[in-house]
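With the hints as extra help, turn the sequences into a complete structure.
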Amino acid sequence: MSIRVDSLCHVYHSGTPLETQALSGVDLLVERGEWVAVVGQTGSGKSTLAQHLNALLLPSSGWVKVDNIPTTAGAAELREIRRKVGLVFQYPEHQLFAESVREEMAFGPRNWKFPEEEIERSTWKALDLLGLSQDLLDRSPLQLSGGQKRRLCIASVLVSKPDYLVLDEPTAGLDANRRNELLRILKKLVEEGLGVVHVTHDLELALTMADRILVLEKGKAVFCGTPESLLDELLERPVRGLCLPPLLEFVSRLRSYGYSVPYTLDSELLADCLEREIRS
Amino acid sequence: MKFLNHLTLGQYVPADSPVHRLDPRCKILSVVVLLAGIFLMVHPVAFLAWGGLLLVLARFSRVPFRVVLQGARPVVMLVIFTAGIHLFLTKGVVLWEWGPVSVTREGVTMALRMGLRLFFLVLFAGFLTLTTSPMELSDGLESLFRPFQRFGFPAHEMAMMMTISLRFIPTLFDETDRILRAQLARGADLEHGGLFRRLKAFIPVLVPLFVIVFQRAEDLALAMEARCYQGGSGRTRMNPLEWKKSDTFAIAGVIGIVAFFVLLDLKG
Amino acid sequence: MEPEAVCALRDVSFTYPGATAPAIQNVDLTIRRGEWVALIGSNGSGKSTLAKLLNALLIPTRGDCFSCGLRTDREENHWAIRSRVSMVFQNPDNQIVASVVEEDVAFGPENLGYSPGSIREIVRDCLSQVGLEEKRRAPTYALSGGQKQRLAIAGALAMKPECLVLDEATVMLDPQGREDVLEILRKLHGRGMTLVQITHRLEEILDATRVVVLKQGAIEWEGDLPEFFEQVPHFPEWGLEVPPLVRLTGLLKKREILPASCLPSVKELLENLCP
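Protein chains in written order, with the working numbering: chain A, 1 to 280; chain B, 1 to 268; chain C, 1 to 275.
Be aware that one or more of the hints could be misleading.
Pair by pair, the computed Cβ-Cβ distance ranges are [what the hints assert, rightly or not]:
| # | chain 1 | residue 1 | chain 2 | residue 2 | range |
| --- | --- | --- | --- | --- | --- |
| 1 | A | 135 | B | 73 | 50 to 58 Å |
| 2 | B | 74 | C | 28 | 58 to 66 Å |
| 3 | C | 137 | A | 18 | 18 to 26 Å |
| 4 | B | 64 | A | 140 | 48 to 56 Å |
Below, simulated SDA-like cross-link-like pairs (lysine to any residue); rule was C-alpha separation at most 20 Å, straight line [stated by the list, open to error]:
| # | chain 1 | residue 1 | chain 2 | residue 2 |
| --- | --- | --- | --- | --- |
| 5 | C | 254 | A | 266 |
| 6 | A | 65 | A | 84 |
| 7 | C | 253 | A | 269 |
| 8 | C | 267 | A | 257 |
| 9 | C | 253 | A | 246 |
Calculated from the structure, these hints are not laboratory results. Don't be surprised by glycine CBs; every beta carbon is placed ideally from N, CA and C.
As structure tokens, this is what we get:
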């Protein structure tokens with residue numbers, strides 16, 4: 001049970017002067033219970049890839065299979081794929097429309113024809129998972145605080161019981177406490193068996209949270225592997241399209257001065273190594 | 001899957017041409033004269049003259065003629081519909097009959113006349129927006145309507161409103177597209193069911209759009225206030241409108257040509 | 001008010017209409033000419049409200065606020081204040097008025113009634129300051145997020161302000177866009193511009209001359225950068241993340257590998273370790 005992406009290509013505005021190749025030959029595997037980060041700069045194709053995972057976009061060539069069903073299958077399969085793979089866009093607060101939190105939550109499951117009593121049960125569970133109180137059920141979504149709105153949006157996708165969740169910059173604009181709270185919740189969901197695809201330009205976040213990282217540059221996959229192997233890879237060669245967070249930038253500069261310090265986000269370890277290097 | 005695409009909308013094509021350099025007021029007035037001429041003309045064949053004029057203007061403006069023609073694309077259905085109504089509903093000498101449906105000689109003439117009128121109307125108006133930046137256009141309108149300010153007509157406010165709407169059209173298209181995708185991802189079905197169901201299905205797209213528009217309006221008002229905007233009084237312009245000799249020649253030329261066409265047409 | 005002060009708040013409180021709790025409480029703050037003040041705090045700490053008080057977009061409900069020596073509660077001062085203390089907001093899309101880049105930059109000076117010739121000169125100068133002179137005639141919707149925010153800065157600069165207030169101006173940008181904006185701020189500050197930078201990213205305040213921490217509408221802490229980074233144990237209660245480089249710098253200082261004055265920036269660390 002997994003999402004498989006194989007030699008995926010996507011061309012926008014095909015056959016016009018504006019033709020652009022957004023993805024060329026991308027492979028990816030996302031298992032349930034796994035956190036995969038897709039890292040790249042603006043225009044690297046990461047948002048395009050995200051929309052392929054739940055069939056909002058269809059491949060120009062190559063294929064995407066969700067639990068072995070290709071996204072190009074047929075209308076009925078396509079609807080099921082959209083349920084299985086929940087997609088949370090960047091700044092999802094903008095999609096809230098219902099009069100009450102209860103109605104907002106029921107939107108997805110009603111579209112997928114869930115029975116009413118199941119919607120109710122699923123709503124409670126999803127709100128609970130996202131740390132939202134049931135007292136909010138009759139409030140207007142627009143009255144919630146910024147952090148609550150963000151969590152409501154994710155809950156409103158989880159309520160349809162997806163097996164995978166694709167999130168585009170879910171922590172954008174949140175302060176430290178809200179960000180950490182959201183990340184903690186997502187981690188817990190992954191432990192309970194959800195497959196998470198986290199699209200971000202924050203490499204530091206990807207390195208600390210993800211099980212595997214895909215690095216995209218100009219629509220091509222330039223790296224795919226565990227955070228540890230990405231850090232090892234950096235010892236060998238710079239990875240194109242990566243914007244190093246300050247600590248790794250520092251390590252890279254130190255190494256160019258001849259220090260043999262490892263690429264790591266563990267500041268204790270780095271301090272030890274540096275101390276040893278300097279004292280010797 | 002086909003989503004919204006604002007690139008197909010007839011928008012300003014920047015270029016350095018004699019047409020682009022004309023005062024926007026001159027262009028607006030010329031279009032008004034042209035539209036009057038188009039309405040006065042009755043013979044379908046005479047419309048060829050308008051086609052020729054447009055071709056010459058397009059050449060002067062360095063906007064490809066193909067792009068000028070594309071301006072009519074959004075109204076093709078309307079043109080066909082209008083022509084169709086006249087074709088089948090005008091009474092007169094019957095040319096062709098099939099059950100209750102009949103086509104008359106007068107019907108054919110009317111259909112061609114009305115269809116072509118609408119077609120050229122849109123093309124000339126579109127040509128104006130292709131060769132005039134939104135800012136110039138609203139400056140031109142503001143200046144033309146300024147005399148009416150005395151009677152309480154809010155010329156400046158109208159112009160500012162137009163500038164801002166034009167500025168936000170592409171942004172709102174993108175925004176609508178994003179919301180549409182977000183709701184599709186939550187299982188919204190916008191393609192099936194009867195008209196009523198489909199209209200209802202658009203509520204989850206329209207409500208967030210309204211919220212965003214109001215939010216943006218509020219933010220923009222604040223940002224404009226922060227940049228010292230206090231309405232039209234005391235405001236100057238970076239490129240004030242300047243009526244040149246060439247503008248006088250241009251408008252005189254347009255009036256002359258239109259008058260000539262219309263007279264020719266009246267004579268038969 | 002001291003002669004060097006660009007903005008001064010004296011025991012200022014502000015409550016939004018209809019709200020029960022004040023958004024800003026008893027704030028005393030002076031921003032002096034040439035300073036780069038970083039204003040930090042978690043969401044809802046009152047940072048944005050404070051910024052809007054500085055240029056008379058909001059008027060204190062209690063206390064006095066002066067900008068450039070003028071009281072902000074007098075309506076006749078608003079124009080002068082807003083042109084001298086100008087503002088860049090969070091969402092670049094919501095502060096661009098015109099469809100063409102140079103027309104947008106001209107908006108401020110046009111409102112101030114400058115002559116066409118001087119407006120054109122200002123526009124050229126401001127666009128070159130933010131590196132957008134090539135995009136002079138480009139449609140604004142086709143710009144990237146970072147470019148839009150640079151355009152917004154140019155639009156604010158066009159009013160020839162003494163002080164620029166940036167309200168979370170980098171939040172919606174990617175790393176490259178953020179760096180471009182910071183580079184512009186460094187240059188402006190080098191030329192004597194007073195800056196008030198609101199942010200919750202500590203990586204971005206390394207050039208500030210003073211840090212002010214807000215918590216629940218009140219000033220919680222105030223001091224210079226080296227002092228600020230000695231407060232790391234307090235960061236969680238202030239709602240601030242401790243970036244790994246900041247943590248590393250702290251550790252190296254404790255082990256006396258780095259001097260106490262060293263800032264947690266890649267540049268400073270390297271200067272101290274690899275002379």
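* Structure versus earlier hints - violations, ascending order -> none
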